[in-house]
Amino acid sequence: MKKEPLSDRRKFILNMARGVGLATLGGFVWSAYVDEVTASSLLLRPPGAIKESDFLRTCIKCGLCVEACPFDTLVLAKPGDNKPLGTPYFVPRDIPCYMCPEIPCVPVCPTGALDESSVTRDGILDINVADMGVAVIDDESCIAFWGIQCDACYRACPLLGKAITIEYQKNERTGKHAFMKPIVHSDACTGCGLCEKACVTEKAAIFVLPREVAKGRAGDYYIKGWDKEDEKRLENATSQTTTTEISKESAIDSLNEGLEDLY
Amino acid sequence: MSNLWNNYRYLILRRVTQVGLLFLYFGANAWGWSVLMGNLSSSKILGVIPMSDPYAALQMLAAGALLATDLLIGVGVAAAFYFIIGGRAFCSWVCPVNMVTDAANFLRRKLQIDKIQSRQPASRNMRYWILALSLVISALMGVTAFEFISPISMLHRGIIFGLGFGWAAMLVIFLFDLFVLKNGWCGHICPLGGFYSLLGRFSLIKVHHNEANCTLCMKCKNVCPEHQVLYMVGKESLPVLSGECTNCARCIEVCDDDALEFSIRKLAQNKKTGE
Numbered sequence: 096m097k098k099e100p101l102s103d104r105r106k107f108i109l110n111m112a113r114g115v116g117l118a119t120l121g122g123f124v125w126s127a128y129v130d131e132v133t134a135s136s137l138l139l140r141p142p143g144a145i146k147e148s149d150f151l152r153t154c155i156k157c158g159l160c161v162e163a164c165p166f167d168t169l170v171l172a173k174p175g176d177n178k179p180l181g182t183p184y185f186v187p188r189d190i191p192c193y194m195c196p197e198i199p200c201v202p203v204c205p206t207g208a209l210d211e212s213s214v215t216r217d218g219i220l221d222i223n224v225a226d227m228g229v230a231v232i233d234d235e236s237c238i239a240f241w242g243i244q245c246d247a248c249y250r251a252c253p254l255l256g257k258a259i260t261i262e263y264q265k266n267e268r269t270g271k272h273a274f275m276k277p278i279v280h281s282d283a284c285t286g287c288g289l290c291e292k293a294c295v296t297e298k299a300a301i302f303v304l305p306r307e308v309a310k311g312r313a314g315d316y317y318i319k320g321w322d323k324e325d326e327k328r329l330e331n332a333t334s335q336t337t338t339t340e341i342s343k344e345s346a347i348d349s350l351n352e353g354l355e356d357l358y
Numbered sequence: 105m106s107n108l109w110n111n112y113r114y115l116i117l118r119r120v121t122q123v124g125l126l127f128l129y130f131g132a133n134a135w136g137w138s139v140l141m142g143n144l145s146s147s148k149i150l151g152v153i154p155m156s157d158p159y160a161a162l163q164m165l166a167a168g169a170l171l172a173t174d175l176l177i178g179v180g181v182a183a184a185f186y187f188i189i190g191g192r193a194f195c196s197w198v199c200p201v202n203m204v205t206d207a208a209n210f211l212r213r214k215l216q217i218d219k220i221q222s223r224q225p226a227s228r229n230m231r232y233w234i235l236a237l238s239l240v241i242s243a244l245m246g247v248t249a250f251e252f253i254s255p256i257s258m259l260h261r262g263i264i265f266g267l268g269f270g271w272a273a274m275l276v277i278f279l280f281d282l283f284v285l286k287n288g289w290c291g292h293i294c295p296l297g298g299f300y301s302l303l304g305r306f307s308l309i310k311v312h313h314n315e316a317n318c319t320l321c322m323k324c325k326n327v328c329p330e331h332q333v334l335y336m337v338g339k340e341s342l343p344v345l346s347g348e349c350t351n352c353a354r355c356i357e358v359c360d361d362d363a364l365e366f367s368i369r370k371l372a373q374n375k376k377t378g379e
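Sequence lines, in order, name chains H and Z.
So the first sequence is residues 96 to 358, counted in our numbering.
So the second sequence is residues 105 to 379, counted in our numbering.
Calculated directly from the structure, the hints in this document are not laboratory data.
All the pointers check out, no bait thrown in.
Ranges between beta-carbon positions, derived for each pair:
no.: 1; chain 1: Z; residue 1: L170; chain 2: H; residue 2: S334; range: 34 to 40 Å
no.: 2; chain 1: H; residue 1: P199; chain 2: Z; residue 2: L170; range: 19 to 25 Å
no.: 3; chain 1: Z; residue 1: Q221; chain 2: H; residue 2: L109; range: 20 to 26 Å
Calculated from the model, a selection of chain H residues having no Cβ within reach of chain Z, i.e. all distances over 12 Å:
no.: 4; residue: T215
no.: 5; residue: K327
no.: 6; residue: I341
no.: 7; residue: I347
Just so we're clear, the structure is a prediction, and the values are computed from it rather than from any experiment.
Quick reminder that beta carbons are idealized off the backbone N, C-alpha and C, glycines included.
Modelling step: build the complete structure from the supplied sequences, incorporating the hints.
Structure below.
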């Protein structure tokens with residue numbers, strides 16, 4: 096039997112199907128890869144960085160912030176770092192952010208991924224309002240919590256007395272000494288990481304995490320009734336009523352159900 | 105000696121430009137020079153003139169990012185620049201991956217790999233599909249899709265800021281071009297090249313073919329990384345208008361008969377009509 100040559104119409108349809116199929120194949124592989132590499136959430140971004148999801152689409156990965164940093168704090172993620180490729184970050188235990196008052200890394204950003212207005216107060220740049228992350232203390236490995244005197248992080252903090260304070264507490268074990276415990280105040284902490292760099296333990300007992308990672312959220316179910324400011328949140332509190340088989344009856348009836356034959 | 109210069113003058117100039125630009129970028133990070141700061145995604149020339157990758161900006165737009173004024177000015181400067189000198193002049197005169205793929209291509213010719221593998225199973229139009237796909241993925245995932253996999257920025261950024269495992273990506277491209285597909289990366293896959301092809305369709309500086317001088321030796325087509333753009337060789341005196349031409353000028357320097365030369369688009373056309 097002689098094979099008929101394919102008609103132009105059939106060729107066209109087959110070619111289109113092939114193109115669409117290959118594009119789908121490539122598109123899924125590509126999307127999966129991009130989803131994986133942008134999943135890292137433990138990165139500390141330069142000061143003034145916008146929200147991470149916006150940062151990933153806005154940063155053009157040019158490295159101008161890295162070149163502007165006088166302390167070589169900032170680096171760009173390399174292949175093999177397992178971080179979103181080419182984006183700037185810093186590791187405080189290696190080199191922390193020294194919080195330059197003129198913040199050279201921010202105004203050079205061509206795309207606005209580093210937002211000048213977020214580090215500006217009263218019309219002038221102010222590094223003290225930067226939010227790169229927040230310091231967290233592991234009180235089990237912090238030697239100050241053991242009762243050994245150490246205030247390395249407190250002394251290293253550029254916002255000394257605001258972002259980290261020392262809390263005094265009687266040491267009941269010895270009966271005559273005091274604990275001098277460092278306490279981080281997240282509203283003042285910029286996440287610069289000078290404390291992490293200064294920490295004397297083998298692996299830092301105080302370390303910076305992105306704010307979203309470090310902080311919890313109570314939600315709007317709990318209101319501090321003793322706090323007039325907090326009570327205002329009631330105004331936009333949400334509520335939700337669920338109806339199940341049991342909640343159709345009154346609570347007492349529901350609890351007494353099935354006990355009829357006992358009496 | 106002068107023969108050597110004559111046969112490789114553009115190649116030498118291109119390598120000097122490619123390496124020189126890399127060196128200036130490297131110096132900006134390593135020694136604080138301010139001639140050329142940043143990298144190919146976005147740079148600052150002499151601390152004043154911004155230049156940004158228009159394709160990256162297009163992906164940002166698709167991903168839903170707000171485009172800053174600085175970026176838009178940079179995109180305008182880059183687009184205007186490549187509009188004048190030829191879109192894919194970026195590929196052959198600036199892009200560092202060009203040196204990797206040219207090396208693969210050179211070795212391919214020397215080892216005569218084409219002799220055992222003459223069929224090219226893939227279409228050169230693939231790059232336009234990938235270009236479109238990158239914008240779709242950028243829009244769906246809200247990130248700049250190609251920027252997160254681009255071996256071009258991987259290599260360029262790597263040389264300036266630290267390479268990491270970027271060398272592995274280069275080896276992949278080298279081996280792919282050498283053993284799998286001739287001109288595989290630059291001529292088939294790279295969506296940035298595809299983007300500049302579209303931009304370069306209208307650019308001013310073009311190679312011009314003078315059929316009267318042509319002896320049909322076909323050296324130009326042999327050496328050309330986008331040989332389809334030279335379809336008119338030996339047939340008609342025409343400028344190479346396809347945006348896929350990278351203005352690498354290899355055809356001009358291998359031609360022993362002065363049948364190919366650079367020309368400004370309009371002048372070339374006028375010459376043709378005799379005006």
